[in-house]
Amino acid sequence: MLRFLVFASLVLCGHSTEDVPETDARVVGGAEARRNSWPSQISLQYQYGGSWHHTCGGTLIRSNWVMTAAHCVDSPMTYRVVVGEHNLSQNDGTEQYVNVQKIVSHPYWNKNNVVAGYDIALLRLAKSVTLNNYVQLGVLPREGTILANNSPCYITGWGRTRTNGELAQTLQQAYLPSVSYSICSSSSYWGSSVKNTMVCAGGDGVRSGCQGDSGGPLHCMVNGQYAVHGVTSFVSSMGCNVARKPTVFTRVSAYISWMNNVIASN
Amino acid sequence: MTPSISWGLLLLAGLCCMVPSFLAEDVQETDTSQKDQSPASHEIATNLGDFAISLYRELVHQSNTSNIFFSPVSIATAFAMLSLGSKGDTHTQILEGLQFNLTQTSEADIHKSFQHLLQTLNRPDSELQLSTGNGLFVNNDLKLVEKFLEEAKNHYQAEVFSVNFAESEEAKKVINDFVEKGTQGKIVEAVKELDQDTVFALANYILFKGKWKKPFDPENTEEAEFHVDKSTTVKVPMMMLSGMLDVHHCSILSSWVLLMDYAGNASAVFLLPEDGKMQHLEQTLNKELISKILLNRRRRLVQIHIPRLSISGDYNLKTLMSPLGITRIFNNGADLSGITEENAPLKLSKAVHKAVLTIDETGTEAAAATVFEAVPMSMPPILRFDHPFLFIIFEEHTQSPIFVGKVVDPTHK
Chain A
1 MLRFLVFASL
11 VLCGHSTEDV
21 PETDARVVGG
31 AEARRNSWPS
41 QISLQYQYGG
51 SWHHTCGGTL
61 IRSNWVMTAA
71 HCVDSPMTYR
81 VVVGEHNLSQ
91 NDGTEQYVNV
101 QKIVSHPYWN
111 KNNVVAGYDI
121 ALLRLAKSVT
131 LNNYVQLGVL
141 PREGTILANN
151 SPCYITGWGR
161 TRTNGELAQT
171 LQQAYLPSVS
181 YSICSSSSYW
191 GSSVKNTMVC
201 AGGDGVRSGC
211 QGDSGGPLHC
221 MVNGQYAVHG
231 VTSFVSSMGC
241 NVARKPTVFT
251 RVSAYISWMN
261 NVIASN
Chain B
1 MTPSISWGLL
11 LLAGLCCMVP
21 SFLAEDVQET
31 DTSQKDQSPA
41 SHEIATNLGD
51 FAISLYRELV
61 HQSNTSNIFF
71 SPVSIATAFA
81 MLSLGSKGDT
91 HTQILEGLQF
101 NLTQTSEADI
111 HKSFQHLLQT
121 LNRPDSELQL
131 STGNGLFVNN
141 DLKLVEKFLE
151 EAKNHYQAEV
161 FSVNFAESEE
171 AKKVINDFVE
181 KGTQGKIVEA
191 VKELDQDTVF
201 ALANYILFKG
211 KWKKPFDPEN
221 TEEAEFHVDK
231 STTVKVPMMM
241 LSGMLDVHHC
251 SILSSWVLLM
261 DYAGNASAVF
271 LLPEDGKMQH
281 LEQTLNKELI
291 SKILLNRRRR
301 LVQIHIPRLS
311 ISGDYNLKTL
321 MSPLGITRIF
331 NNGADLSGIT
341 EENAPLKLSK
351 AVHKAVLTID
361 ETGTEAAAAT
371 VFEAVPMSMP
381 PILRFDHPFL
391 FIIFEEHTQS
401 PIFVGKVVDP
411 THK
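If you read the sequences in order, they're chains A and B.
All letters in the first sequence, in the order written, are residues 1 to 266 by UniProt numbering.
All letters in the second sequence, in the order written, are residues 1 to 413 by UniProt numbering.
The following block holds chain A by itself, in its conformation from the complex:
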């Protein structure tokens, strides 16, 4: 028991220290994440033309369940999840590939209306993955938690590093401080497009999520611990890194009960 507690403590400490950014030099405006910095991050891929294509990120929340965005799985394609991934085009030696067996999108999700919210889905994997240094469960916030404005957060993913650009090959991270609902829903920001069931982060015109990051996590530090507070959802059609158009996430703390119920009944 004590040994386990010591191990858990070491993991948390390691996670904290390694995540202090050196520089944010270039997600859009991000930098390559250190290998196994974000072990709950997954790559969601679909099969087309005889090969697999990355479409979204996601968060491993149980050894056989992944949390992602509902819009990521709107199309009836064959999907798989890759955990322990770092370089999409190389064999890192740490990957585990597992098929998606079942998709449960939020019942109120409307694929023609992303700004209504409910952009969240759970994927049951065909088998449980093996947890290790490179594959961990994401820590979720307590139900109802609201982030303070300007909380320190990181978006991670393999999304485009430039509007209309190429996917990143290695996992990227970008520092996106949170933007409170009252600011984000003001008329000079997103206005009424943003709902209280969402989280905003970034909006400096430099750093943002971009295509390929959807479904992936927004890791925010609260009380010295990172938790996944957001599921990457949408940006402006004018471009990914538009000033005063923060990246918008589904607020995880609004869906804790729903997720627990889905997992319990499937």
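Everything labelled a hint here was simulated from the structure, so no lab data went into it.
A few of these clues could be false.
[As the list claims (entries may be wrong)] Examples of chain A residues toward chain B, derived with CB under 7 Å: (1) H71; (2) Q136; (3) D213.
[Claimed, not checked] Label-pair ranges, simulated between beta-carbon atoms: (4) B:H280 to A:N112: 24 to 32 Å; (5) A:T170 to B:D217: 54 to 62 Å; (6) B:D217 to A:A264: 45 to 53 Å; (7) B:E189 to A:I103: 53 to 61 Å.
Just so it is clear, CB atoms sit at the ideal spot from N, CA and C, and this is done for glycine as well.
With chain A fixed as given, assemble chain B onto it according to the hints.
Frame of chain A; chain B shown alone:
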């Protein structure tokens, strides 16, 4: 001395502006409400769908390695107009060749539907950028039936030219000038040669350069490879558009389906077959599937790459229409006595169809300026129209196929 056999040349470069109303003198047409006309137009759309696909398959049969581009509406309306001046088998073959079921649709309804369709396409306030024109070229010693001439002018907006076909170079120039002027110089030398005994010619043209509701950004256009076939690749300017578009994968057709709206109530359906599935697509496509595609919009995030191109079609309609059963009008047994008062039989010795389309980045300014929406951030499927694909352009209200095209090599005009 009048030749024993009169020859008629029909040049179809496009869309008839108006279909003449029913010519029979003893039938008094009553006005019908707009509501009543709409179902009739859809009747025509249904029939033109079958006609368009039959015509397409005939063209593929003639050559499956060439670009294809034609206007089903244009060809159908020209022949429907000719049916008003024809009788007997000549008359019957035309209507059945256009795939009208004469036991289900009356002839009066057919012509009424064409009239309504053409009024829709040529509305003065329409944002559609269709250029169409019609010319009747009559030998200076031939007298046309007054009724037919009147209808051609009033409903067809035809211009009538008296020419001396004995001077074939001069006659050819008159016809070519008419078409060239109407197409802003896009179609030159529409007629390359005239048969010695031609006494009657009809010229139509159609030119379309629409504006997208959701335009491409020219800055995103760059040179890319287009795979004509397994061993041939050409360089083309490839336009790019990313956003919420009407895209889905159709497993029945083994193809990706893209809908792009033009300003002015027209839509283009692009069909991109999976590798090796073009023949499957061509054999499987039918009007029911197309109707479903037009009615079921499925917006999703997608990135498309499509060639900027100008495509034209130039066809011998005798070769094309004969397999559809329209043969009598082209041979010595033709009965076109409703067109000319001469006792000598008139014959369609040559029929040519030409159409021109430009696909480029242009969109409506207002649409571009006001685009603002939230965009989900999944990595969009990237559809590269970098190998042969089909497209069909429809008038939205009637679902009439204005154009059908197959791009095998975008560098061929």
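Checked hints:
1. Below 7 Å, beta-carbon pairs count as interface contacts, and H71 of chain A has one with chain B at about 4 Å; its hint therefore holds.
2. With a cut of 7 Å, the hint placing Q136 of chain A at the interface with chain B is violated, because the nearest CB-to-CB distance is about 24 Å.
3. Checking D213 of chain A against chain B: minimum C-beta separation of about 5 Å stays under 7 Å; hint holds.
4. About 31 Å separates the C-beta atoms of H280 of chain B and N112 of chain A, a value consistent with the hinted range of 24 to 32 Å.
5. Checked against the given bound of 54 to 62 Å, the beta carbons of T170 of chain A and D217 of chain B, roughly 29 Å apart, lie outside it.
6. Between D217 of chain B and A264 of chain A the Cβ separation comes to about 48 Å, which falls inside the hinted range of 45 to 53 Å.
7. Against the hinted window of 53 to 61 Å, the Cβ-Cβ separation of E189 of chain B and I103 of chain A comes to about 60 Å, which satisfies the hint.
Going down the numbered hints, you'll see the structure goes against 2, 5, while the others check out.
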